[in-house]
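*Asks:* Sequence:
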Amino acid sequence: ARSKAELEAALELSEKLDKEASLKRKRDRLGAEPPAGTDTTKLRIMLPNGSKIDRKFLASGTIEAVRDFIDVHLGDNGIPIETYSLSTNYPKRTFENDSITLTDAGLHPQSVLYVQDLDA
1 ARSKAELEAA LELSEKLDKE ASLKRKRDRL GAEPPAGTDT TKLRIMLPNG
51 SKIDRKFLAS GTIEAVRDFI DVHLGDNGIP IETYSLSTNY PKRTFENDSI
101 TLTDAGLHPQ SVLYVQDLDA
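Counting from 1, one number per residue, gives the positions in the sequence shown under full-length UniProt numbering.
These aren't lab readings, by the way, just hints derived from the structure by calculation.
Among the hints, a few may not be true.
[Claimed, not checked] Ranges of calculated distance between the beta carbons of each label pair, as one might list FRET restraints:
(1) 2 with 100: 19 to 27 Å
(2) 116 with 31: 20 to 28 Å
(3) 98 with 19: 15 to 23 Å
(4) 51 with 2: 40 to 48 Å
(5) 100 with 46: 47 to 55 Å
(6) 3 with 98: 37 to 45 Å
[Claimed, not checked] In silico EDC-like links for lysine to aspartate or glutamate, alpha-carbon gap of 20 Å or less:
(7) 4 with 20
(8) 16 with 82
(9) 56 with 15
None of these values were measured; they are calculated from a predicted model.
Don't be surprised by glycine CBs; every beta carbon is placed ideally from N, CA and C.
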């Protein structure tokens with residue numbers, strides 16, 4: 001019989017591999033940053049620790065693409081945020097529908113998004 005410690009280690013490894021596979025899928029889906037142009041939306045993403053990330057997305061891209069980018073950034077930088085909300089400050093809007101386009105979300109041509117750690 002396996003010891004509890006062995007089972008916990010196996011579970012931890014499995015979760016780590018799942019997380020790495022998920023980040024790889026998101027990174028692949030995200031692709032390269034599009035060049036500046038009329039069909040790109042420039043976003044400044046404010047993280048709870050005060051750091052900022054700037055990136056351009058296709059205006060026809062979705063909130064899901066923004067979440068993929070944030071998830072990859074958090075994973076690559078070892079920032080332990082699992083569950084978060086995305087919102088604008090003024091007017092205050094929180095984005096829960098990941099399939100809405102950046103244009104339909106009112107984020108085009110540029111906006112600031114705030115990441116709020118829901119586990120904090």
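*Asks:* Decide, hint by hint, whether the structure agrees.
*Replies:* Tested hints:
no.: 1; hint: 2 with 100: 19 to 27 Å; verdict: 46 Å, violated
no.: 2; hint: 116 with 31: 20 to 28 Å; verdict: 26 Å, holds
no.: 3; hint: 98 with 19: 15 to 23 Å; verdict: 19 Å, holds
no.: 4; hint: 51 with 2: 40 to 48 Å; verdict: 41 Å, holds
no.: 5; hint: 100 with 46: 47 to 55 Å; verdict: 20 Å, violated
no.: 6; hint: 3 with 98: 37 to 45 Å; verdict: 41 Å, holds
no.: 7; hint: 4 with 20; verdict: 24 Å, violated
no.: 8; hint: 16 with 82; verdict: 13 Å, holds
no.: 9; hint: 56 with 15; verdict: 31 Å, violated
In this structure, the hints that do not hold are numbers 1, 5, 7, 9, in rising order.
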